[in-house]
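Student: The primary structure of each chain is shown beneath.
There are 2 protein chains.
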Amino acid sequence: MKTARLSLRIDLPNGTRFGPGKAALLTALREDGSIKAAATRLGMSYPRALKLIEQMNSSFAAPLVETQHGGSDGGGTRVTDLGQEVLDLYTAICDASAAASTDQFHTLLKHIRD
Amino acid sequence: MKTARLSLRIDLPNGTRFGPGKAALLTALREDGSIKAAATRLGMSYPRALKLIEQMNSSFAAPLVETQHGGSDGGGTRVTDLGQEVLDLYTAICDASAAASTDQFHTLLKHIRD
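Chains A and B are the protein sequences, given in the same order. Quick note: the first sequence uses this note's numbering, first residue 3, plus one each step. Quick note: the second sequence uses this note's numbering, first residue 3, plus one each step.
A portion of the hints provided could be inaccurate.
The list makes no distinction among identical chains, and a pair is therefore deemed to hold if it is satisfied within one copy or across any two copies.
Unchecked claim - Computed list of lysine to any residue pairs in SDA-like fashion (alpha-carbon distance at most 25 Å, straight line):
#1 Lys112 / Ser9
#2 Lys112 / Asp97
#3 Lys38 / Asn59
#4 Lys38 / Arg115
These are computed hints drawn from the structure, not numbers from a lab.
Using the sequences and the hints given, assemble the complete structure.
Tutor: As structure tokens, then:
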């Protein structure tokens with residue numbers, strides 16, 4: 003069976019991009035609450051995950067990810083409300099795009115070599 | 003003014019991708035009829051353009067780009083009917099996606115740092 007995947011990227015004014023990689027990282031951070039765990043799960047290096055988080059935090063009006071050091075729970079990493087909203091908007095854009103282009107996408111699939 | 007751009011990529015079964023770079027190359031090849039001229043116009047190296055053409059030609063059921071050597075017109079490069087159809091489908095997918103996600107995209111723009 004032929005499989006192809008549509009993915010969507012947003013080029014931001016500061017030159018960075020928001021796409022599937024950052025969306026997956028936000029999702030994993032929300033579930034794991036730890037940069038190390040999220041990076042491991044995604045097969046991403048820790049420095050790479052840190053770099054993507056820095057890019058996201060500097061691209062938006064407020065941070066998408068916050069890291070707390072120490073405290074009674076030993077600190078942790080939290081996706082902020084804005085981070086969650088950006089992730090939800092990105093997911094909604096992907097879903098709306100896929101739904102709107104189903105016919106053309108299937109026609110394209112027919113021309114792809116197996 | 004904040005500007006952000008939505009771009010769309012299709013991950014093909016053979017591991018290659020079709021996105022804005024290949025679409026721009028097909029468009030330029032159609033207009034210029036020459037790999038060298040198209041690459042120059044796009045600020046792309048000639049070997050890079052050749053590589054993208056090879057990837058496209060091996061990803062679809064038939065070539066998207068044909069090169070003729072010699073002949074009375076000195077040869078040239080031609081975007082095939084399939085190449086034109088794939089380009090048109092990609093453009094249609096991009097247009098349908100952008101139209102379907104306008105509201106979410108504008109909401110996202112509000113959160114982007116100037």
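Student: Where does the structure disagree with the numbered hints, that is, which hint numbers, in rising order?
Tutor: 4
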